[in-house]
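J.: Residue numbers (our numbering), protein chains in the order written: chain A, 1 to 313; chain B, 1001 to 1391.
Be a bit skeptical, because a hint or two may be false.
[Stated by the list, open to error] Below, in silico cross-link-like pairs of lysine-lysine (DSS-like), each with a Cα-Cα straight-line distance of 30 Å or less: (1) Lys1018/B / Lys90/A; (2) Lys95/A / Lys1204/B; (3) Lys1204/B / Lys97/A; (4) Lys95/A / Lys1158/B; (5) Lys1204/B / Lys14/A.
[Said to hold, decoys possible] Computed from the model, here is a short list of chain A residues facing chain B with C-beta under 10 Å: (6) Asn17; (7) Thr63; (8) Leu92; (9) Arg98; (10) Gln120; (11) Val181; (12) Arg280.
[Unchecked claim] Residues from chain B that keep clear of chain A, each with C-beta distances beyond 12 Å, as calculated: (13) Ser1002; (14) Asp1023; (15) Glu1057; (16) Ile1117; (17) Asp1285; (18) Val1366.
Bear in mind the hints are in silico, worked out from the structure with no lab data behind them.
As the structure is a computational prediction, the values presented were derived from the model and not from experiment.
Each residue gets a CB set at the ideal place from its N, CA and C atoms; glycine is no exception.
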Amino acid sequence: MENYVTFGRRQVTKEENFTPGHRACVGCAEALAVRLACKVLGKNTIVVNATGCMEVISTPLPTTAWEIPWIHTIFENTGAVVSGVEAGLKVLMRKGKRSQRKVNMVVMAGDGGTSDIGLQALSGALERGHDFLYICLDNEAYMNTGIQRSSATPYGASTTTAPAGKKSIGQITWKKNMPEVAAAHDIPYVATACPSYPFDLMDKVAKGAAMLGPAYIHILSVCPTGWRLAPDLAIEVGRLAVRTGIFPLYEIENGKYRFTVKTPKLKPVEEYLKMQGRFRHLAEKDIAHIQDRVNQEYAKLQDKVALTNKPED
Amino acid sequence: MSNRVGIEVSRAIAVAAKLARVDVVAAYPITPQTHIVEDIAELVANGELDASYVPVESEHSAMSACLGASAVGARAFTATAGQGLELMHEVLYVASAMQLPIVMSLANRALSSPLSIWGDHSDAMSMRDTGWIQLFAANGQEVLDNILCAFRIAEDRKVLLPTVVHLDGFHLTHVIEPISIPEPSEVDGFLPPFNYPLPLDPDKPVTMGAFAPPYIYPETKKAQQVNLLAAKPVILQSWKEFGDHFGRYYSPVESYRAEGAKVLLLTMGSYSETATLAIDSLRKDGKMVGALSLRLWRPFPFEEIRQAVKGADVLIVLDRAVSFGGPGGPVCSEIKAVLYDEARRPKIVGVVGGLGGRDISPSDFVSIINRGIEISQTGSEQEFEMFGVRE
Ligand SMILES: Cc1ncc(C[n+]2csc(CCOP(=O)(O)OP(=O)(O)O)c2C)c(N)n1
Ligand code: SF4
Ligand SMILES: [Mg+2]
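Chain A extracted, bound-state conformation:
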């Protein structure tokens, strides 16, 4: 590959701070999201990782995939650990024990570590206004422990703790709207992203890291293993999540909503659902039910965009 010269509208650094050789499954878009984020974050970064796939695949002792300072302690406390990291660094810089400079303090946690067990610690950190970026790597289940449902698992998906069966379609609750939960803390920056749209993702990571105060980025990360699809389809499925309106890409900057990837005409959700084994059992009426919900949620989001961008009178 060395002899190839690529022409890109946007060049991306070759620097890898999350290095190859880790043990993620083939086609893992969560690992891709971490890699892209680390390219943007650069060396002046401290990563606080929750227990979960990304922690386990990257650091079996005595190896590490991390070229930047990284800490993992337990599953549900990343919001608190990063609070201590930030508070500690600030004091040490104030006292002249560390050189004054901008250090990105970044949490990476799964959907379980974020919207379920880690929600309290995250809420505390957002409310206290620590200067950090929280990245939720949402693969829509507890994958590390074997595809158990989380509150981020979508309606109708079959997981090992909410399996589809004669009396159940699997998950019977709608996905928790975690970006809105974060936004309700009135923080300066909230965004959604997906590695199928790498530049959009990287722009948002850069913006979130640069923001003073807490920033939250929710990254839909296709997990071929847990979603039951071929590894080479991860990127395509991520694109479909966006194009069907199931996972719109937007940001909320100081309260203003904005779509960052425009989807003028939404594709039917069926195209997305049909590609994944976890939705295989769904009947026509279930799919129609999901379509209704997606339409509703998308319209709500459009309203918010319109409402927060009203020209001043």
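Chain B with the ligands: place on chain A using the hints.
T.: Showing chain B with the ligands alone in chain A's frame:
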């Protein structure tokens, strides 16, 4: 020159944190620890202490924030009690295994249910095996002194282990005692600035908290055990140097009129001081009794305990926690285990008392000792007895 003042022990802890120039305090309020953290918050708000006070939303987060702060090389302090300690339990193991030298004061409190805000050692005993260095204080002066020592011990390059100073809720936290407060310059001479060897630093990236498959996990645990035992000489040396600086010397096991005593009573924490009054009155009656107080709980002072009980025929151990359905209070069980292989050892009698803040008066201690002597001769139907409980 130090300054002797009448001060609530909780406030003295805040003063100790200030004298130690802590960088980060992360804490969540719980009775009877509240005065400690309120005072620290006030010192920070008034600019008397240049630290960051992180008012976290739970004790689990308090200890977690301390992990983060300590990992970047900041001196971190917290305080809690009872339920708060239970909520941070999971994180306690991480602090010791990751060698983050956090210092904590624990205002010992009974555990729910039923809810009790009053003191006993149930919380303390629940953290027995967490890998922390653990000291028990018998009075306010010991609390302040040992918090300063705790930083010195915890942060020693040969140690790097979190350290807790236990003090009895209410019986110590809420009493006003005459306490010598050292001058900041004197403390600076005893406690060097914290210099963590490998902090999270972009200039020297480290991976902290990697996971361990079976091929390496046991080695990490062996290292932890070796490390905690190796802390003992540092603890002794720190206490010695503390004594040289401030004139107050501490040892792992404190004894009171134990010379020549045939009957010994072993206690921990502030009840040790009450027990000495009982010893005095029994001695007046010509009984050869004495008292021991266990100050160093982890690492356990094996040799000191063996020496201390050498001449005794009876050793009565007061536990302020119960191991339900087990052989006795946790302290008594350990003392029995430690002395089991001794060719000559005292008859050991376990008593559980003082649960949920129930006072044990000097005359109660007299009864405990007399009953202990009786049991040592006649035996008891139970593995251990609970003192003063209505049935
Ligand atoms: C207190 C606690 N409960 C449960 C677990 C087990 N556990 C480890 S990772 C995990 C799931 C992680 O799911 P998520 O946060 O979505 O991350 P993913 O692995 O899917 O990337 C669970 C349940 C744990 N480590 N700690
Ligand atoms: S289980 Fe899913 S998220 Fe985890 S490493 Fe494999 S593909 Fe990635
Ligand atoms: Mg997940």
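J.: Determine which of the earlier numbered hints do not hold for this structure and return their numbers in increasing order.
T.: Result: hints 11, 12, 14, 15 break, sorted rising.
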